[in-house]
Amino acid sequence: MTETKNAVTKKDIEAAQTAQAISKDEKHPMRKYGKQETHTVEGVDYTFQFPGVRHTQQIIDSAKLPGGVFGETNYNTAIMSDVIISPKVDWDYWEEHDGYGEVMALADNFLGRTLG
1 MTETKNAVTK KDIEAAQTAQ AISKDEKHPM RKYGKQETHT VEGVDYTFQF
51 PGVRHTQQII DSAKLPGGVF GETNYNTAIM SDVIISPKVD WDYWEEHDGY
101 GEVMALADNF LGRTLG
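Take 1 as the starting number for the sequence shown in full-length UniProt numbering and just add one per residue.
Rather than coming from a laboratory, the hints here were simulated on the basis of the structure. You can take every hint at face value.
Lysine-lysine pairs mimicking BS3-like chemistry, simulated, CA-CA at most 27 Å apart: (1) K88 <-> K64; (2) K64 <-> K32; (3) K35 <-> K64; (4) K88 <-> K35.
These figures come from a predicted structure and were not determined experimentally.
Using the sequences provided together with the hints, build the complete structure.
Below, the structure is given as structure tokens:
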């Protein structure tokens with residue numbers, strides 16, 4: 001029996017690698033995760049960071065109260081802890097600073113657009 005050998009050249013290997021290569025533009029592993037936006041409200045720069053699709057959905061799901069009613073307190077608490085990364089804000093922060101409604105609306109809009 002005669003054995004046939006295929007002579008693979010460097011050119012063949014390069015051609016195969018090129019054909020199999022996926023450009024960074026085509027790869028999108030977690031391209032939304034970590035996306036940031038900064039908005040200025042009442043003279044303070046607030047930086048929002050997208051926590052990922054799954055975590056955003058968990059934020060939305062955990063804000064639902066019995067009967068499917070949306071609970072803004074739970075939702076905004078999660079936004080303060082998981083989306084607004086600078087400055088760190090909580091309920092006490094808003095007792096001392098203006099712009100609560102505007103910042104929460106901007107953060108909600110950011111999540112919705114990024115989740116899109």
